[in-house]
Amino acid sequence: MTGRSLPAALGAAIVRRAPALGQRNFRRYFFGQIASVLGTFIQAVALSWLVYRITGSPALLGLTAFLSQAPQLVVAPLAGVLIDRFDRRRILIVLQSIFAVQALLLAGLVAFERIEVWHILALALLLGVLNSFDLPSRQSLLLYLVDDRSTLANAVALNAAVVHSGRLIGPPVAGLLLAVVPESVCFLINALSYLGPIVAISLIQAEIPRQEHLKTGSALREVASFIRRSFEAKVALGAVALVNATASTYVVLMPVFAKDVFAGDAQALGILLGMGGAGALVASIYLSTRARAGIAIGFQVWSCATSGLGMIGLGLAGQFDYFWLALPMVGLIGAGIGATNIAGNTRLQYQVPDTLRGRIISIFGSLRFGFDALGGLLAGALAAITGVLPVTFGLGLLLIAGSLLLMRRLRNTSS
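Counting in this note's numbering, the sequence shown runs from 51 upward without gaps.
Simulated from the structure, these hints should not be mistaken for lab results. Using N, Cα and C, we set each Cβ at its ideal position, and we do this for glycine too. Do not take every clue at face value.
Said to hold, decoys possible - What follows is a set of in silico ranges between Cβ atoms, one per label pair, in the way DEER data are often shown:
(1) I148 with R271: 39 to 49 angstroms
(2) K265 with R74: 27 to 37 angstroms
(3) L375 with L245: 19 to 29 angstroms
(4) A109 with A313: 43 to 53 angstroms
(5) E166 with K284: 19 to 29 angstroms
(6) D137 with L245: 15 to 25 angstroms
(7) L375 with R103: 25 to 35 angstroms
(8) S252 with S280: 29 to 39 angstroms
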């Protein structure tokens, strides 16, 4: 085989496994966001470590996470209307630019030792508002980046694989960086990483429909009517809300596990969070090989229960001070959360009419991150009162019970 034919054969093999990468617009988008996703998770770990280092408060960890995600409960549905009305590409370019400025502000405040708790909370709130537009803009853009709709499920899973790769690699990298440099360097790296998606999105050439005369009130009533009529959409969104209100709180609690339960440092935190990313990455790779018909709604509900088992296992690892056991348990939690969110997103993408796409995906984002925020705030507050282990056990049991109720509803409906 010649030197020129080897790369061609390798490329063809990759496209057979990941057909969405064979389409130019999606390929540009995919590679453009890799550095940005890595930077995002580096900043997330550095920010949580900074908060816990200067305050020692699990409750403030929960509050910071809450402010960075809670606005999506209110803002995301309204953002969906604007996303369906305007050009998604321009929205995303503006958002990436503001994200970069937010990261630069954090870097400057920490570097010049001017950082205060209220600065962190204010910038976390700004991040939450921006995320209300970012996720639905990205997810609703995916359909228009693939020429063949049969590859949409693959595009959704590959997009999630990039995110979870960042979740796997970013935290350990952040841990290594924090061992030798201040948090400001991590924030600066994140700011520079946004150049990738800005360039990639600028190069995308696709016909994306807009509804320029869409009215907010009627638009929200239309999407509510669709969800009310679709049993599968209600279960998919319910599972997303359940897993993120409970299992996703592990991210908020990880600094407490790393520092207080296992007597570790920033590197221990990075390793633990990286295992969660590894589990989610495995789930996304598995789902990238499945056709839409292969992602049953029952699979999504059982994925919820898997995360619940992981939460209970993490509690046991902390109870007996088994750091080695915590690693696979966090991986199991990450796999369950990732599978639940990807399966729900994929099924919604195929069900929703194009005219509702931005709004439905905004509702998905509202539940995905809004309930994550509410759960994290409550978990952090309870951990400050009762300790982190009872909270972890309780959330795991609640998640398993909720999953069983959803499965019972599915069986009753199918029968």
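Results for each hint:
Between I148 and R271 the beta carbon distance is about 30 angstroms. The supplied range of 39 to 49 angstroms is therefore violated. For the hinted restraint 27 to 37 angstroms between K265 and R74, the CB-CB distance of approximately 35 angstroms keeps it satisfied. At roughly 41 angstroms, the beta-carbon separation of L375 and L245 lies outside the given 19 to 29 angstroms, and the hint is violated. Taking the beta carbon of each, A109 and A313 are about 21 angstroms apart, not inside 43 to 53 angstroms as hinted.
About 43 angstroms separates the C-beta atoms of E166 and K284, a value inconsistent with the hinted range of 19 to 29 angstroms. Here the CB-CB span from D137 to L245 is close to 21 angstroms, well matched to the stated 15 to 25 angstroms. L375 and R103 have their C-beta atoms about 26 angstroms apart, which keeps the hinted 25 to 35 angstroms range intact. Distance hint for S252 and S280: a CB-CB separation of about 36 angstroms, consistent with the stated range 29 to 39 angstroms.
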